[in-house]
Amino acid sequence: MKPPDEMRRLTDLRATRPIPQDPGPDCLAPETIAQLVDGALPGDARLAATHHLAQCAVCRRAVVSVTRAMAEPAIAESMAPLPPRSGFAPRLKQLGGVAAIAAVLLIYLWPVAPSDAPTPHRAAPITAAPAPMGLWPSGTVAEARTLHWAPVPGAMRYRVTLFDSGGAVQHEVASLDTSIALPASLPLIPGRRYWWTVQAMLGANRWVSSSLVEFTIGSEAGTP
Amino acid sequence: MDETWVAPLKAGDHDTAWDAFLDCHRRLIFAAIRHYATDHDDIMDIFARTCELLREDELRRIRAFVAQQVQRAKVSTWLVTVVRHITVDWYRARDGRHRPPAFVSAMTPQQRAIHQHVFVLGHSHIACYEALRAAATPPMTFSSFQVALREVYALVAQRGRGAHRHGGLDAELAPESDSGAEPSELMERGVVLEQALASLAPEARLVVELFVIEELPAREVARIAGLPNAKVVYNTAYRALTALRAWLQAHGYSQELL
Numbered sequence: 001m002k003p004p005d006e007m008r009r010l011t012d013l014r015a016t017r018p019i020p021q022d023p024g025p026d027c028l029a030p031e032t033i034a035q036l037v038d039g040a041l042p043g044d045a046r047l048a049a050t051h052h053l054a055q056c057a058v059c060r061r062a063v064v065s066v067t068r069a070m071a072e073p074a075i076a077e078s079m080a081p082l083p084p085r086s087g088f089a090p091r092l093k094q095l096g097g098v099a100a101i102a103a104v105l106l107i108y109l110w111p112v113a114p115s116d117a118p119t120p121h122r123a124a125p126i127t128a129a130p131a132p133m134g135l136w137p138s139g140t141v142a143e144a145r146t147l148h149w150a151p152v153p154g155a156m157r158y159r160v161t162l163f164d165s166g167g168a169v170q171h172e173v174a175s176l177d178t179s180i181a182l183p184a185s186l187p188l189i190p191g192r193r194y195w196w197t198v199q200a201m202l203g204a205n206r207w208v209s210s211s212l213v214e215f216t217i218g219s220e221a222g223t224p
Numbered sequence: 001m002d003e004t005w006v007a008p009l010k011a012g013d014h015d016t017a018w019d020a021f022l023d024c025h026r027r028l029i030f031a032a033i034r035h036y037a038t039d040h041d042d043i044m045d046i047f048a049r050t051c052e053l054l055r056e057d058e059l060r061r062i063r064a065f066v067a068q069q070v071q072r073a074k075v076s077t078w079l080v081t082v083v084r085h086i087t088v089d090w091y092r093a094r095d096g097r098h099r100p101p102a103f104v105s106a107m108t109p110q111q112r113a114i115h116q117h118v119f120v121l122g123h124s125h126i127a128c129y130e131a132l133r134a135a136a137t138p139p140m141t142f143s144s145f146q147v148a149l150r151e152v153y154a155l156v157a158q159r160g161r162g163a164h165r166h167g168g169l170d171a172e173l174a175p176e177s178d179s180g181a182e183p184s185e186l187m188e189r190g191v192v193l194e195q196a197l198a199s200l201a202p203e204a205r206l207v208v209e210l211f212v213i214e215e216l217p218a219r220e221v222a223r224i225a226g227l228p229n230a231k232v233v234y235n236t237a238y239r240a241l242t243a244l245r246a247w248l249q250a251h252g253y254s255q256e257l258l
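Heads up: the sequence lines are chains B and C, in that order.
Using my numbering, you'd call the opening residue of the first sequence number 1 and step up by one each time.
Using my numbering, you'd call the opening residue of the second sequence number 1 and step up by one each time.
Worth flagging that the hints you see were computed from the coordinates, not collected in a lab.
Be careful, since some hints might not be right.
Stated by the list, open to error - Facing chain C, a subset of chain B residues (Cβ under 8 Å, in silico): (1) 3; (2) 9; (3) 11; (4) 40; (5) 53; (6) 63; (7) 70; (8) 74; (9) 78; (10) 79; (11) 141.
As the list claims (entries may be wrong) - No farther apart than 20 Å at their CA atoms in a straight line, the calculated lysine to aspartate or glutamate pairs in the EDC-like style are these: (12) C/231 / B/6; (13) C/74 / C/95; (14) C/231 / C/256; (15) C/231 / B/5; (16) B/2 / C/203; (17) B/2 / C/215; (18) C/10 / C/57; (19) B/2 / B/72; (20) C/10 / C/58; (21) C/74 / B/72; (22) C/74 / B/31; (23) C/74 / C/3; (24) C/74 / B/77; (25) C/74 / C/23; (26) C/10 / C/56.
Stated by the list, open to error - Simulated coverage check for chain C against chain B, where a stretch passes if three residues somewhere in it have a Cβ under 8 Å from a Cβ of chain B: (27) 32–45; (28) 73–83.
Even glycine gets a Cβ: it sits at the ideal position worked out from N, Cα and C.
Bound conformation, chain C alone:
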C-alpha cells in the first residue's frame, strides 16, 4: 500500500495521517455519501459523522484496515463499504429503528391490523379474518375483509414508491416489481418461491440471489462467490432453476410459478 497517509499512520503521526487520508479520499467519501443520500444537509451531516468515526481513537478503523494481514480489499471498496454502514446507521439513528414504515403509518386502522396479522405475525388469511371479525363491531363480513386484504397487498407491493427520501438508500430498501403482476399474486408466489430457494445449496442460492434476483453482472457474481468465471455463474443458475422446478413439482406446486 503506497498511499501517502500510510507512512505517518504507521509512525504514529495521526494528525498528519488524517490530513493526508482526507486529501486522498475526500472526493470518494463525498461521492459515496451522494450515492446513498440526496439532501444537501444530510450529506454534510453524514460527511461530518464519517470524519468523526474515522478519526476516533486515533484512527482506529483506518489502522485496523491497514493492519489486516490477509489479502486486503482495495482502500476505495473498503471506504465505500464503511461510508454505507455509517450512512445506514445515521439514518436509523435519526429516523428511528423501529418506527413502522411510512406506507404502514398511512394505512387505515383496519388495513394496519391486517398488515400486522399477515405480514408481521405471519398469520393465514383465515386466521387474520377470524381475529378481525371477533374484534370488530359490527362483525366484519368476509367479502369486505377480502376487499381490505387486496388493498393491503397492493400497498405492500407499492411500498416506497414516490417516497425516496434517502435517494439510493431508499431505492435499495424498497425495490419495485416491474412484472405487472397483481400484488396478491406476487405475494403468494413469493411465499412459495422463498421456500423453494431455501432448499438450494448455499452456492447455488447465492448465485440465484445475486445474478437472477439482484441482477448483478455475472462477472461480479463470480468474483463475490469465488467462481472461476461468468460462464460458471450462468451454468450454476441454470442448474438451480432445474432444482427449483423439481422442488415445486415435488411439493405439488405448478412449475408456472417460475
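Excised from the complex, chain B in its bound form:
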C-alpha cells in the first residue's frame, strides 16, 4: 500500500530539510529505537516514544534507517543460520550409534606394536579452519605484480606480507579479495629471493596464516 499520489509533493520535504544533528538528552536510546522498529514497545512507553518521534528528526531518521536496513537482503541473509560445517564431528554423527561403537572398539582392540619412539612433546596445533594457501607467485616467475591465494571459508579479510631475502618487510596490505596488486613503487629485483605469506581473519584476533611462499624473479615462468 503506497501513499496516494496527491501526497507526493510532501516527499519533496526530504530534499529541503536540514540534516539532522546530534541527538539531544531526550532522544531515544538504541534499545527503544529497536523496540519501536520491532513493534515491541509496550503501551505507555510506546505512546511517549511515538510522540517524541513525531517531533524529533534525529530519532525519526534512526528509526527509518534501521527499518530500511532490516529489510535489506544482505542483512536478512546475514541473520540466517550458517550451514553446518563439514568436518569430522558432523560426519561422525551421521555414522550413527552403531558405527561409533564399532570405532571405539576398534581403537581399544587394535594390536599396538611396542615402540621406543618418544611421544611427541606437544600435540599438533588445533585449527578450526583451513589455512590460506599462497597460489602465485611461487618458484621462479617472470614477473610478480600481483599475489594470489586460495580463499578460506568464513574469512573476513586477509593480510598479506611480503619479505625480502633478509627477512625485512617490503610490503604489507589488507584485502577483502583473494589477490592484491603490488604497488608500482615497489621494485622486485630479478634474481633476488622473496617470501610472502597471507593471513586470514576468522574473528576478533583470530588469524590463520599460510606457510611462507618463496619466489624469485627470473625468466622461466609466466603469469597466473
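On the provided structure of chain B, position chain C as indicated by the hints.
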C-alpha cells in the same frame, strides 16, 4: 532468549560469552556496517570500534540488553541499531561534528554569506540582501543578489549529490528530490508545509512523516506507530492530508502547495 552466548553471559563468563556472541553475529555486524559504509578501511575500523564498545565494561551494553525486563526487541534489530549509532559517531569523530558540509565549503564567499543568512540564521531574503549590501563594496545590486540567491538555492537542493562518501549513511543524510521542481520553489513550499505539518496531532504527523515523506511500507509504519494495520495507516494519512489542506486554506495559502 536461547542464544548460545546468553548462558555464559549470565554466569559471568564474559570471554566465553563474547566469543559465542561474535560467532553468532559477526556476519550481521559486518552486513550492518556495509549498509552504512562502503570504504573497506572504514568498514574494518568501524568493526573494530564496534567490538571494542560492545566488549567494554565486561559487555555492559549486551548485559543491559539482556537484562531488559519489558518486551525486548530482537537481537538482530538491536544490534543493527547499535551498529548504526556507532557508525554515525565514528564518522562524526573522524570528520568533525561542526565542519560545514562539503557543498557549503565549495561555495563562493558571497554564496556562503547568503547561505549563512538564509539557511543558518533564518533571515528573510530582504534582510539578507540588506546585510550583504551594507557589507559589500561597491554595494551589491538587487538583481545580482537575486542571481546569487537562486544559485544558493540550487546548491542546497542538490547537496550531497555525487558525494556519497559514506555510502548508505550519506544517502540517508542527503536525500534528493525527484519532482523536478525548481530549488527555490521547493524551499519556499517547504517552509509553509513544515508549518502545516507542525499543526498535526502527533500520531497523524508521525504517519505522514514515515508513510508519505519517508515512504516506508504501510505495514512497517503501523508496527512503529502502534496502529492495528496498514489500512489504518492509509486512513490516517488521508485524514492528515485533509487537515493540512484546511490549514493551508485557513492561513491564506494555495492548496496547490500539496
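Taking the hints in turn, this is what the structure says about them:
Against a cut-off of 8 Å between C-beta atoms, the interface hint on residue 3 of chain B holds, since the closest Cβ of chain C lies about 5 Å away. The beta carbon of residue 9 of chain B comes within 6 Å of a beta carbon in chain C, closer than 8 Å, and the hint placing it at the interface holds. At a threshold of 8 Å, the smallest CB-CB gap from residue 11 of chain B to chain C is about 6 Å, leaving the interface hint in force. The beta carbon of residue 40 of chain B comes within 4 Å of a beta carbon in chain C, closer than 8 Å, and the hint placing it at the interface holds.
For the restraint placing residue 53 of chain B at the interface with chain C, the shortest Cβ-Cβ distance is roughly 6 Å, inside the 8 Å limit, so the hint holds. The criterion of a C-beta within 8 Å of any C-beta in chain C is met by residue 63 of chain B, whose closest approach is roughly 6 Å, and the hint holds. Look at residue 70 of chain B: its Cβ gets to within about 6 Å of chain C, closer than 8 Å, so that hint holds up. Nearest Cβ of chain C to the Cβ of residue 74 of chain B: about 5 Å, under the 8 Å cut. The hint holds.
Satisfaction of the interface hint for residue 78 of chain B is found here, the shortest Cβ-Cβ separation to chain C being roughly 4 Å, below the 8 Å cut-off. The interface hint given for residue 79 of chain B holds, since its Cβ lies 5 Å from the closest Cβ of chain C, which is under the 8 Å cut-off. Violation of the interface hint for residue 141 of chain B is found here, the shortest Cβ-Cβ separation to chain C being roughly 27 Å, above the 8 Å cut-off. With a CA separation close to 17 Å, the supplied pair residue 231 of chain C and residue 6 of chain B stays within the 20 Å bound.
Only pairs whose Cα atoms come within 20 Å are accepted, and residue 74 of chain C paired with residue 95 of chain C is rejected, the gap being roughly 32 Å. With a C-alpha separation of about 26 Å, the suggested pair residue 231 of chain C and residue 256 of chain C falls outside the 20 Å cut-off, and the hint is violated. Between residue 231 of chain C and residue 5 of chain B, the direct Cα distance comes to roughly 16 Å. Compliance with the 20 Å bound is thereby established for this hinted pair. Taking the CA atoms of residue 2 of chain B and residue 203 of chain C, the gap is near 18 Å; set against the 20 Å cutoff, the hint holds.
A threshold of 20 Å between alpha carbons decides the hint, and for residue 2 of chain B with residue 215 of chain C the separation of about 8 Å falls inside it, so the pair holds. A threshold of 20 Å between alpha carbons decides the hint, and for residue 10 of chain C with residue 57 of chain C the separation of about 15 Å falls inside it, so the pair holds. Between residue 2 of chain B and residue 72 of chain B, the direct Cα distance comes to roughly 19 Å. Compliance with the 20 Å bound is thereby established for this hinted pair. Simply put, residue 10 of chain C and residue 58 of chain C have alpha-carbon atoms about 12 Å apart, close enough for the 20 Å limit, and the pair holds.
A C-alpha spacing of about 16 Å is found between residue 74 of chain C and residue 72 of chain B, which places the hinted pair at or below 20 Å, so the restraint holds. The straight-line distance between the Cα atoms of residue 74 of chain C and residue 31 of chain B is roughly 10 Å, inside the 20 Å bound, and the hint therefore holds. This hinted pair checks out: residue 74 of chain C and residue 3 of chain C have alpha carbons roughly 11 Å apart, not beyond 20 Å. The suggested pairing of residue 74 of chain C with residue 77 of chain B holds, with an alpha-carbon distance near 16 Å, which does not exceed 20 Å.
A C-alpha spacing of about 17 Å is found between residue 74 of chain C and residue 23 of chain C, which places the hinted pair at or below 20 Å, so the restraint holds. The straight-line distance between the Cα atoms of residue 10 of chain C and residue 56 of chain C is roughly 16 Å, inside the 20 Å bound, and the hint therefore holds. Given as covered by chain B, the region 32–45 of chain C passes the check, having 7 residues with a CB less than 8 Å from a CB of that chain where 3 are the minimum. For the region 73–83 of chain C, the stated coverage by chain B is satisfied: 8 residues place a CB nearer than 8 Å to a CB of that chain, which reaches the threshold of 3.
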